[in-house]
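Order-wise, the sequence lines are chains A and B. Quick note: the first sequence uses this note's numbering, first residue 1, plus one each step. Quick note: the second sequence uses this note's numbering, first residue 1, plus one each step.
You may find that some hints are simply not true.
The list cannot tell twin chains apart, which means a pair is met if one copy fits it or any two copies do.
To be verified - With a Cα cut of at most 16 Å, we get these calculated EDC-like pairs of lysine to aspartate or glutamate:
#	residue 1	residue 2
1	Lys-354	Glu-325
2	Lys-271	Glu-455
3	Lys-80	Asp-165
4	Lys-415	Asp-99
5	Lys-262	Asp-183
6	Lys-184	Glu-227
7	Lys-262	Asp-71
8	Lys-190	Glu-227
Calculated from the structure, these hints are not laboratory results.
Protein chains: 2
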Amino acid sequence: MDVIDVFKTGKIGDKVSLEGWVRNNRNQKEFGFIDFYDGTIVDSLQIVYTKELDNFDEVSHYLVGCAIKCDGQLVESNGKQKFEVKPSKIELLGDCPADYPIQPKRHTMEFLRSQAYLRPRTKTFQAVFRIRSLAAMALHEYYQKNNYTYVHTPLFTTTDCEGSDQMFKVTTLDLKNVPLNEDKSVDYSKDLFGKQVYITGSGQLHGETYAMAFKKIYTFGPTFRTENSNTKTHANEFWMIEPEMAFMHLDELMDAEEDMLKFVVSYVLDKAADEISFLDQFVSNGLKEKLEKLVSSEFTRITHHDAVELLINSGEKWEFTPDYESDIAKEHEKWITEHFNGPVFIYNWPKDIKAWYMKLNDDGKTVAAVDLEVPGSGELIGGSEREVDINKLEELIKIHGVDRSQVDWYVNLRKFGGVYHSGYGLGFERLIMYLTGIENIRDVIPYPRTPGNCEY
Amino acid sequence: MDVIDVFKTGKIGDKVSLEGWVRNNRNQKEFGFIDFYDGTIVDSLQIVYTKELDNFDEVSHYLVGCAIKCDGQLVESNGKQKFEVKPSKIELLGDCPADYPIQPKRHTMEFLRSQAYLRPRTKTFQAVFRIRSLAAMALHEYYQKNNYTYVHTPLFTTTDCEGSDQMFKVTTLDLKNVPLNEDKSVDYSKDLFGKQVYITGSGQLHGETYAMAFKKIYTFGPTFRTENSNTKTHANEFWMIEPEMAFMHLDELMDAEEDMLKFVVSYVLDKAADEISFLDQFVSNGLKEKLEKLVSSEFTRITHHDAVELLINSGEKWEFTPDYESDIAKEHEKWITEHFNGPVFIYNWPKDIKAWYMKLNDDGKTVAAVDLEVPGSGELIGGSEREVDINKLEELIKIHGVDRSQVDWYVNLRKFGGVYHSGYGLGFERLIMYLTGIENIRDVIPYPRTPGNCEY
């Protein structure tokens with residue numbers, strides 16, 4: 001029996017038999033209170049035990065962190081929960097010493113990071129990682145009910161389209177003694193795949209091949225970048241969702257992104273109501289309101305050109321001067337979402353600052369790319385229509401210096417029944433940070449990997 | 001509008017507007033037939049066009065593989081489908097040349113493997129990869145409805161518990177010129193993480209840390225082994241599901257596996273009825289019956305000792321002699337599932353042939369491990385109760401030569417409210433092979449990676 005089911009469907013008088021852990025145990029001579037949890041919901045269930053228990057003395061000495069089994073009955077509570085447990089039997093299943101690092105007090109996030117294998121037991125991380133799990137489910141539900149096919153694009157790849165300097169190398173060679181050819185290049189014939197292999201930084205190109213077969217597909221898997229950057233928003237290992245849709249232009253891409261995001265946020269508000277309330281109270285005040293507002297808001301659509309014009313004419317003093325040919329800075333993103341009081345799609349970006357595979361607009365200067373900016377977090381989703389004109393694509397490949405031999409199959413897609421199509425990339429951690437109000441990416445990944453940090 | 005929705009909810013007389021591809025186009029002077037698909041269901045929808053179309057001549061020359069848009073109406077069909085489309089307008093969206101490699105005829109699986117980016121357009125691979133997508137969804141649905149938390153265990157790890165010789169190394173170092181220390185060891189201080197990092201071969205140990213916080217968790221992600229083995233069942237990159245459940249002994253583990261598997265198979269039979277029928281007819285005769293039988297069968301439970309006894313006394317001539325101390329060979333698995341006419345759990349295995357973290361039984365000779373054997377495929381799931389006695393675990397770590405310093409946190413789990421728990425590993429590709437009747441793992445992975453093969 002899980003605590004979440006007790007909370008959801010339990011009634012006064014129900015018999016319960018629960019296994020879980022002691023979050024706190026306070027007692028006096030005649031009775032005691034155990035804050036009991038089993039990880040299926042962030043809330044604790046209170047067990048109120050008295051001398052009626054055979055092993056009252058033993059139970060009153062259970063320390064924080066112990067695993068116990070509790071049989072009993074749901075009775076009315078004087079506390080804020082609708083009931084508590086009156087135990088008929090409590091049994092120790094796993095002991096815990098007094099020097100257990102997780103105690104019922106406020107630990108700093110930094111300390112908890114150093115206890116990565118224990119921190120999921122705290123209320124904050126119970127909330128964060130249940131929301132992570134539920135958000136993943138929300139995404140799968142959304143795509144599947146809309147007939148998207150889930151595709152596992154490969155992690156090992158020889159196509160280094162994101163730039164091989166940004167990709168980790170994978171090898172079975174002995175690094176102490178790498179076999180070299182006569183010309184001092186690496187002798188990859190001795191490596192398991194017989195060639196230089198990387199771990200992917202994006203499944204998009206492979207995803208497009210499947211969109212040309214299944215119409216609508218999505219990926220959801222780990223992604224890797226070697227970026228040597230120690231910020232709150234960068235990790236070297238993270239999860240990405242990369243849907244790709246045939247027969248879809250930029251306008252419908254924006255529709256698709258908005259529809260997906262509203263579904264996911266609604267789902268989490270519904271299924272993780274207790275977790276959101278907890279985080280709203282203790283981690284990020286106003287979280288619930290922020291999420292509810294997103295669901296009911298109209299997403300504004302504005303071109304990059306018009307957005308820059310607004311920024312220039314805003315009368316604000318900018319650290320970075322807004323520019324028609326440049327990216328939009330964090331401060332600009334913030335201003336724009338506040339100005340429109342909601343999420344904003346910025347589309348038609350200068351071609352030179354976007355990726356090579358994006359569709360060139362008729363103006364010859366912009367590409368059909370779109371970034372979604374959300375209040376409080378800035379850029380959440382980046383997408384574009386893809387270039388399908390084979391001649392333009394060939395030119396873009398040349399201009400951007402992409403190794404043509406590696407993308408032969410990708411170019412061929414345009415030849416064999418290729419049609420207009422669009423896709424987007426959603427960084428899963430960025431979504432979780434948005435959904436939880438957690439500000440450091442290290443705190444939404446179970447075991448984060450950042451430069452110099454690969455513990456456990 | 002998607003073809004799957006037309007098949008599911010369409011009625012004679014409905015107007016439709018569809019985008020997709022031409023699987024075949026046969027025509028005569030006055031009319032023609034297009035086998036039309038959009039990848040949302042394996043079945044083709046037939047478009048019957050006549051001279052009433054303005055562009056009849058053009059349409060009659062559309063080649064296999066073209067992308068088209070078709071507006072029209074559902075009308076009664078003389079064929080086996082309940083309706084066909086009478087088009088009012090057909091438009092070419094993407095052309096396809098006559099040398100398109102995928103033609104409406106039987107291609108060999110070997111040829112299609114060489115066209116990995118086009119093969120998902122064939123009916124066989126449409127069926128296989130839709131089932132792959134649906135089976136993934138079935139797993140998520142099963143675990144979430146049973147209160148399991150989905151955990152993304154790290155892919156990059158320094159814990160090489162599966163044996164580092166079986167793990168790929170990951171690096172940002174220049175392989176042509178690896179920096180060495182004075183003692184000729186690799187100078188990992190120059191590497192991004194500052195140490196030797198591998199790609200994981202299992203998320204189990206990390207998963208256990210989350211089971212001690214969330215009671216029931218599951219992983220579902222890519223996994224890697226360097227095995228230099230070119231068989232039908234081995235790939236170097238594959239996906240695994242590794243659930244881990246606190247407060248669960250071996251018996252309930254078997255219950256949990258059986259319950260999950262029956263759910264997934266039922267789900268696929270229901271949601272991929274057309275795909276299963278297609279594969280049953282063209283790839284694996286009897287597939288549907290095999291799957292239906294699994295759902296309704298009782299799973300037998302037998303100890304390894306008793307299974308070996310049965311094999312010895314069977315009167316069969318074995319290539320590999322059954323042995324109380326050894327693994328069970330393919331031929332034995334086959335015999336056992338045939339003997340019991342259904343799936344069989346074999347449990348309590350000799351400790352020396354199983355992993356170091358498995359719970360030692362009271363006999364001191366066997367571990368509480370269980371393999372699930374299914375008719376037609378052999379071993380599908382491997383699981384065990386985990387050793388929670390900290391002293392026994394320390395001893396096992398010594399005996400198996402595990403680097404103690406790497407598993408400090410894992411051992412600590414036993415100290416801090418550690419309880420009996422169990423988990424299993426399900427190879428996702430093995431499941432898909434079982435569900436589709438496909439016999440080569442290369443044909444259930446979009447872009448398979450095997451020794452010497454890392455294309456695209």
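Hint-by-hint comparison with the structure:
1. Taking CA atoms no more than 16 Å apart as the test, Lys-354 paired with Glu-325 passes inside one copy only; the shortest distance there is 11 Å, against 61 Å between copies.
2. Proximity of Lys-271 to Glu-455 under the C-alpha cut-off of 16 Å is found in neither arrangement, the shortest distances being 32 Å within a copy and 42 Å between copies.
3. Proximity of Lys-80 to Asp-165 under the C-alpha cut-off of 16 Å is found in neither arrangement, the shortest distances being 55 Å within a copy and 55 Å between copies.
4. For the identical chains of this complex, Lys-415 and Asp-99 are inter-copy neighbours only, at 11 Å across copies versus 66 Å inside a copy, given an alpha-carbon limit of 16 Å.
5. Taking CA atoms no more than 16 Å apart as the test, Lys-262 paired with Asp-183 passes in neither setting, with 56 Å inside one copy and 57 Å between copies.
6. Taking CA atoms no more than 16 Å apart as the test, Lys-184 paired with Glu-227 passes in neither setting, with 27 Å inside one copy and 28 Å between copies.
7. Taking the closest pair of Cα atoms, Lys-262 and Asp-71 never come within 16 Å of each other, the shortest separation being 41 Å inside a single copy and 31 Å across copies.
8. Only between protomers do Lys-190 and Glu-227 lie at most 16 Å apart by alpha-carbon distance; the minimum there is 14 Å, versus 28 Å within a single protomer.
Checked against the numbered hints given earlier, this structure breaks hints 2, 3, 5, 6 and 7; the rest are met.
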